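> Protein chains in written order, with our numbering: chain A, 1 to 200; chain B, 1 to 200.
Think of the hints as simulated: they come from the structure by calculation, not from any bench.
In this text, all values refer to a predicted model and were calculated from it rather than measured experimentally.
Glycine included, every Cβ here is placed at the ideal spot set by N, Cα and C.
Among these hints, one or two may not hold up.
The calculated lysine-lysine pairs, modelled on PhoX-like cross-linking and capped at a C-alpha distance of 20 Å, are [unchecked claim]: (1) B:LYS46 to A:LYS59; (2) B:LYS29 to B:LYS104; (3) B:LYS163 to A:LYS59; (4) A:LYS79 to A:LYS29.
Distance ranges between label pairs, derived from CB positions [as the list claims (entries may be wrong)]: (5) B:ASP189 to A:PRO77: 18 to 24 Å; (6) A:GLY198 to B:GLU61: 51 to 57 Å; (7) B:PRO151 to A:PHE200: 46 to 52 Å; (8) B:GLU128 to A:PHE200: 33 to 39 Å; (9) B:ASP189 to A:GLY60: 21 to 27 Å; (10) B:LYS158 to A:GLU155: 53 to 59 Å; (11) A:LYS46 to B:GLU192: 34 to 40 Å; (12) A:ALA100 to B:LYS158: 55 to 61 Å; (13) B:PHE200 to A:LYS104: 17 to 23 Å; (14) A:GLY198 to B:ALA135: 42 to 48 Å; (15) B:ALA3 to A:ALA100: 53 to 59 Å; (16) A:LEU156 to B:LYS154: 56 to 62 Å.
Number of protein chains: 2
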Amino acid sequence: MPAPIDFYFDFASPYGYIASHKIDALAAKHGREATWRPFLLGAAFKITGGAAPVAFPIKGEYFIRDFARSARFHGVPYKYPSKFPISSVAPTRAFYWLNARDPKRAKDLVRALYAAYFTADVDISDAEQTIRVAASAGLNADEVRAGINDPAVKELTKVEVEKAIAAGAFGSPYIVVDGEPFWGSDRLDQVERWLVTGGF
Amino acid sequence: MPAPIDFYFDFASPYGYIASHKIDALAAKHGREATWRPFLLGAAFKITGGAAPVAFPIKGEYFIRDFARSARFHGVPYKYPSKFPISSVAPTRAFYWLNARDPKRAKDLVRALYAAYFTADVDISDAEQTIRVAASAGLNADEVRAGINDPAVKELTKVEVEKAIAAGAFGSPYIVVDGEPFWGSDRLDQVERWLVTGGF
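Taking the hints into account, I'd like the entire structure generated from these sequences.
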């Protein structure tokens, strides 16, 4: 099997959320797997000088509209969270804690956390809310809490975020196919052509 | 015939250039026309706090790659100009001078100017280069020069740029269909669905 696709995303990113609904099926259609790699956009912004799109006047209003429309366009349920954006530290740590044990289940945890934030207005920046979502996805709350607070998991998360930024991830989603980077859920059509043709 | 689509773009925008190859055919396919409205991104950036994407570290390198790949994806000839970005004042004034006389020909002038900048590395921020391109497109060089320098044309251009910004144009291309705004050549698929369905 050819190398996996790298799927970098931030838990607070609507376009990352949309792509999370698409990337595994797209990869599988072309005989690939996707490695999911949550990171922290805030850490990337410190290097690139970027900022959350909603931070800008005029542009911000457009993005709030585009998030919802793009979700509808892709058939993904979506509700603009009452708190946006949020810190993704807690869910990202929960992911890397679980991913070290069971990568497949870690993807299910992402799906549950993304759905909680982008359809049910659950503030997953609150570690206790992240733990509650994880528990509703079948994990043991005390284990998740211990995982999030484990210094080794904190360190692993830091290292993974640094690796994402070193790989060029400056936005979310950031998808790398055989070394070729694609930014945005609106590049999935280009990702697909790249998978088919090996480059264009 | 239903209302025209508004197509806002900046002459220095690669994604505006790509969209200029697509928008009229897309509109015509759905019984529409497109009104072309060049504006000055720099003026919009003063209000929105935006900046040219290549101005950012890491992100800038990605965009240079994405410009070329997106052009290939859409089958549009493209060469990254040696001077980028540039001021679009001269070509924008040339457009509004001609548009007041002959809107159809003004579109042909856009096509010639975009091709000069994005395939032949002609620096159209230089008024004399804009005039040369216009002359090669069949216009009278002295008339174009007089048009660009006409205070009334300068004022008209200023007013049109202000109208674009008032309409929400903060990036290029910015396409408005029946009041619904779409930013980016990567939203042409959503523009098409909107034209088909009247909203989704």
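> For every hint, state whether the structure bears it out.
Now the hints, each set against the structure:
Restraint check for LYS46 of chain B and LYS59 of chain A: the C-alpha separation of about 12 Å stays at or below 20 Å, so the hint holds. Distance hint between LYS29 of chain B and LYS104 of chain B is fulfilled; the C-alpha atoms sit about 18 Å from each other, no more than 20 Å. With a C-alpha separation of about 16 Å, the suggested pair LYS163 of chain B and LYS59 of chain A falls inside the 20 Å cut-off, and the hint holds. With a CA separation close to 29 Å, the supplied pair LYS79 of chain A and LYS29 of chain A exceeds the 20 Å bound.
A hinted range of 18 to 24 Å holds for the C-beta pair ASP189 of chain B and PRO77 of chain A, which are about 20 Å apart. For GLY198 of chain A paired with GLU61 of chain B, a C-beta distance near 22 Å fails the hint of 51 to 57 Å. For PRO151 of chain B and PHE200 of chain A, the hinted distance range of 46 to 52 Å is satisfied, since their beta carbons lie about 48 Å from each other. Between GLU128 of chain B and PHE200 of chain A, the C-beta spacing of about 37 Å keeps the proposed range 33 to 39 Å intact.
Take ASP189 of chain B and GLY60 of chain A: their Cβ atoms lie about 23 Å apart, and the range 21 to 27 Å holds. Roughly 56 Å separates the CB atoms of LYS158 of chain B and GLU155 of chain A, a value that falls within the hinted 53 to 59 Å. Checked against the hint of 34 to 40 Å, the pair LYS46 of chain A and GLU192 of chain B passes, with Cβ atoms roughly 38 Å apart. In this structure, ALA100 of chain A and LYS158 of chain B meet the distance hint of 55 to 61 Å, their C-beta atoms being roughly 59 Å apart.
At roughly 33 Å, the beta-carbon separation of PHE200 of chain B and LYS104 of chain A lies outside the given 17 to 23 Å, and the hint is violated. Checked against the hint of 42 to 48 Å, the C-beta distance between GLY198 of chain A and ALA135 of chain B comes to roughly 44 Å, which is consistent with it. In this structure the hint that ALA3 of chain B and ALA100 of chain A lie 53 to 59 Å apart at CB holds, the actual value being about 56 Å. Between LEU156 of chain A and LYS154 of chain B the beta carbon distance is about 59 Å. The supplied range of 56 to 62 Å therefore holds.
Hints 4, 6 and 13 from the earlier list are contradicted by this structure; the remaining hints agree with it.
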